[in-house]
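Work the whole structure out from these sequences, hints included.
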Amino acid sequence: MCIYSDPLSPDPGVWCPPPQEVNQGYLVAVQRTEYDVGDAIYYLCKKNHLLDGPNRVTCQPNGTWSTVPYCRARCPIIAERSRVLIGGLKRWPYDVTDSVVPHGESVTFYCKHSRKQCSFPYTQTCFDGRLNPPFCYLEPTWLQYKLFPHRLVSEIEACSLVDLD
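Using the UniProt record's numbering, the final residue of the sequence shown is 165, and nothing's skipped along the way.
Mixed in with the good hints, there may be bad ones.
[What the hints assert, rightly or not] When the alpha-carbon atoms are kept at most 25 angstroms apart in a straight line, the in silico BS3-like pairs for lysine-lysine are as follows:
#, residue 1, residue 2
1, 146, 90
2, 112, 90
3, 46, 90
4, 146, 112
5, 116, 90
[Said to hold, decoys possible] What follows is a set of in silico ranges between Cβ atoms, one per label pair, in the way DEER data are often shown:
#, residue 1, residue 2, range
6, 67, 95, 31 to 39 angstroms
7, 38, 136, 46 to 54 angstroms
8, 89, 127, 17 to 25 angstroms
9, 129, 21, 13 to 21 angstroms
10, 18, 158, 33 to 41 angstroms
11, 97, 156, 24 to 32 angstroms
12, 156, 98, 52 to 60 angstroms
13, 53, 95, 25 to 33 angstroms
14, 18, 161, 50 to 58 angstroms
To be clear, the hints were calculated from the coordinates, so they are not data collected in a lab. For every residue, glycine included, the Cβ atom is placed at its ideal position computed from N, Cα and C.
So, in structure tokens, the structure goes:
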């Protein structure tokens with residue numbers, strides 16, 4: 001007698017426990033104590049957070065869930081009195097909605113050359129609520145911003161490649 005067993009069909013005794021919660025996220029599923037192999041659940045993130053990873057996870061044949069996502073926080077733009085480059089556009093931070101950028105977004109700051117009257121770009125990336133200013137960035141004072149706006153580091157001429165050596 002020959003008994004055929006399909007290697008792709010799940011073991012009837014295998015199931016997954018309830019999926020893990022995601023910080024700053026919502027689980028979209030019928031709450032159960034056990035989930036069958038192949039069952040899928042979905043994740044959503046709370047306001048001001050971005051889903052990093054798949055929004056759908058599946059109960060696998062080994063009784064574990066596929067890769068669970070993260071909910072990443074948006075980053076406040078720490079520059080106030082200097083323009084920055086976001087998505088290829090030079091903008092004042094107050095012109096950006098809520099003065100924040102989403103997780104993964106790159107923000108280019110302008111830094112002043114130490115010996116010349118020119119600026120150079122320095123890019124930082126938002127990661128889960130943290131956007132650190134580059135070491136070379138100095139926030140202009142209120143007086144510089146109000147009295148000499150054309151001299152702000154974001155407004156002066158860009159350094160040439162020769163200047164940066």
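So, going through the hints one by one against the coordinates:
1. Simply put, residue 146 and residue 90 have alpha-carbon atoms about 19 angstroms apart, close enough for the 25 angstroms limit, and the pair holds.
2. The straight-line distance between the Cα atoms of residue 112 and residue 90 is roughly 16 angstroms, inside the 25 angstroms bound, and the hint therefore holds.
3. At roughly 29 angstroms between alpha-carbon atoms, residue 46 and residue 90 are farther apart than 25 angstroms, so this suggested pair is violated.
4. Of the supplied pair hints, the one linking residue 146 and residue 112 holds, its CA atoms being roughly 18 angstroms apart against a limit of 25 angstroms.
5. The hinted pair formed by residue 116 and residue 90 meets the criterion: a straight-line CA distance of about 22 angstroms does not exceed 25 angstroms.
6. Judged by the Cβ atoms, the range 31 to 39 angstroms given for residue 67 and residue 95 holds: they are separated by roughly 37 angstroms.
7. At roughly 53 angstroms, the beta-carbon separation of residue 38 and residue 136 lies within the given 46 to 54 angstroms, and the hint holds.
8. In this structure, residue 89 and residue 127 meet the distance hint of 17 to 25 angstroms, their C-beta atoms being roughly 21 angstroms apart.
9. Roughly 19 angstroms separates the CB atoms of residue 129 and residue 21, a value that falls within the hinted 13 to 21 angstroms.
10. In this structure, residue 18 and residue 158 break the distance hint of 33 to 41 angstroms, their C-beta atoms being roughly 55 angstroms apart.
11. At roughly 27 angstroms, the beta carbons of residue 97 and residue 156 sit within the given window of 24 to 32 angstroms.
12. Hint check: residue 156 to residue 98, Cβ distance near 28 angstroms, so the stated range 52 to 60 angstroms is violated.
13. About 31 angstroms separates the C-beta atoms of residue 53 and residue 95, a value consistent with the hinted range of 25 to 33 angstroms.
14. Checked against the hint of 50 to 58 angstroms, the C-beta distance between residue 18 and residue 161 comes to roughly 57 angstroms, which is consistent with it.
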